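I would like the entire structure built from these sequences, with the hints used as guidance.
Chains A and B are the protein sequences, given in the same order.
Letter by letter, the first sequence follows residues 1 to 139 in the numbering used here.
Letter by letter, the second sequence follows residues 1001 to 1269 in the numbering used here.
Because the hints were derived from the structure by calculation, they are not lab data.
Here the structure is a predicted model, which is why all the values come from computation and not from measurement.
This list has only true hints and no planted wrong ones.
Label pairs and their calculated CB-CB ranges: (1) 1066/B with 102/A: 53 to 59 Å; (2) 1265/B with 88/A: 42 to 48 Å; (3) 105/A with 1094/B: 56 to 62 Å; (4) 1165/B with 90/A: 32 to 38 Å; (5) 1001/B with 38/A: 24 to 30 Å; (6) 1247/B with 83/A: 38 to 44 Å; (7) 45/A with 1014/B: 28 to 34 Å; (8) 74/A with 1085/B: 32 to 38 Å; (9) 1001/B with 42/A: 25 to 31 Å; (10) 76/A with 1177/B: 17 to 23 Å.
Here are the simulated DSS-like cross-link-like pairs (lysine-lysine), alpha carbons at most 30 Å apart as the crow flies: (11) 1003/B with 138/A; (12) 1238/B with 1077/B; (13) 138/A with 1002/B; (14) 1053/B with 1043/B; (15) 1238/B with 1194/B; (16) 1053/B with 1261/B; (17) 1077/B with 1043/B; (18) 120/A with 1003/B; (19) 1169/B with 1038/B.
Just so you know, even glycine gets a beta-carbon here, dropped at the ideal spot from N, CA and C.
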Amino acid sequence: MQFFYRPDEYESEKASNSYLMSMVVLMVGLPLPIVNLIASVIFYFGNRRSAHFVRWHCTQVLAAQILTLAINVAGVYWTLGIVYGNAVVTNNYIAYIITIVLFNLVEFIATIYAAIQTRKGNHVSWWFFGPLTDVLVKA
Amino acid sequence: MKKASIQFILLAAFFFVAWLLFGEIDFVDRFHIEQLTKDNERKLGEFILDAVKQGHREIESDSVQTFVDSIKQRLCKSNGINDSSITIHILLQDDINAFALPGRHLVVYTGLIRYCNSPEELSGVLAHEIGHMEHGHVMKKLTKDAGLSMLTTIAGGNSSGTIGREMVKLLSSSAFDREQETEADISAVHFMAKANIDPENLANLLFRLSQDKNEILQRLAWLSTHPNSQDRAAEILKLRKQETFSSLPIADSTRWMAIKKIVLTPDRK
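See below:
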C-alpha cells in the first residue's frame, strides 16, 4: 500500500520506531496495562509535530494501544478480584483471558509487520484503526 | 467515519464472539482447577496445623472435644454445611483465641472456652470462624499476605518450619479485612439463628472482650484479630432483629461447668 506521498528515509525510520516501541510495550502491557497508557501518552506528545507520515502511524499505534489498554485493564482487574477478592476462576474468566491474549498476539504480529513495512516507506493501514486514524489525522 | 464505525462494530463483535465461543469450553472441569486448589489448601492446612501443634499441646479430654464438636454439628447441620468437613482442634493455651486454617481446620484455645460465660458464647465464635471458612477468607488472606508462589511452594512440600510458624502467626494474630469480618459476622448471626441459638450471645462476648481489654490485654488475642468489637456487637444486635429463631440451650449449666472445670485443670480426662 502506498501513502499519498513518498516518505523520506528519516520519516520511515521514525514511523517504524513507533511500532518497535509499541512491540516492547505490548510484551509488558498484558500483565501491567498501565505501561500501555504511559507509552501511548509518550507516543502522542513525542510526535504530534512530526511529518504527516510519522504522525499518522504514531496515531494508529496510539489508537490500537488505547483499545488494548481497555481490554487488558478489564483482564487484570478481574484477575486481581480472583487473587485478592471474592471472585472465583470461571470458564468465562479463562475464556476472556484467552481472548485478550489472542488479541494482544494479533496486535503484536501486526505491529512487527507494520514496523518492517513503514521502515521501507510503505504505508500500512490496520482494520478499524486505519480509517479512524484517517479521521483523526488530517493532511 | 462511517467506515471506521462499521469496522469497530465488526471488531467488537469478533471479540465478543471469540469470548463467547471460548466460554463454551469447560476449562474448570477439564483442567481440574477447583480440585487443584482444594488439594493445595488441604496440604497447606496440614502443614500449618503441624506448626501449630509444635507450639501447643492438644487437649486430651474426650468430653471437651465431644462437647465442642456437638456445637459445631448443631451449627453445621442447621445450615446445610457438611460438619465432617470441619475439624476442631482444642489446644491448651491461655490466650483467648480461635482461628480457622486452610483445609477447614478450626483451632480453639482453651483460654477462649474458659473466658466464655456460656456454650452459646462459644458457639458464636465457632459460627464466626465457620463463616470465614464458608466465604473462603482463609485462603484469600494467605494469598494476599504470603503470596501465591509461596503457598504453591508450601503445598508442594518445599518449606521449612519457620515458614509454618510465620503462617500460624499470620492466621492467629492478624485481622482479616474489615469487609471479611463483617461477612463472617453476618454469617455467624444467620448460622446461630438457624441453629436456634440467640446471636445476642456473640454480641455479649464482643462487648465483654472490649471492656476487659485493659485488664487482660495480653491474653485477648481474638480481640486483636477482631478490632472494633463494640461496633461489631452493635451491628450483630441489629442483624439479630432480622432473624427468627427460638432460643434453645446448648447444654445445661451443670454440663457447661463440668467442661469449664476440665479446661481449668486440663490434665483431667
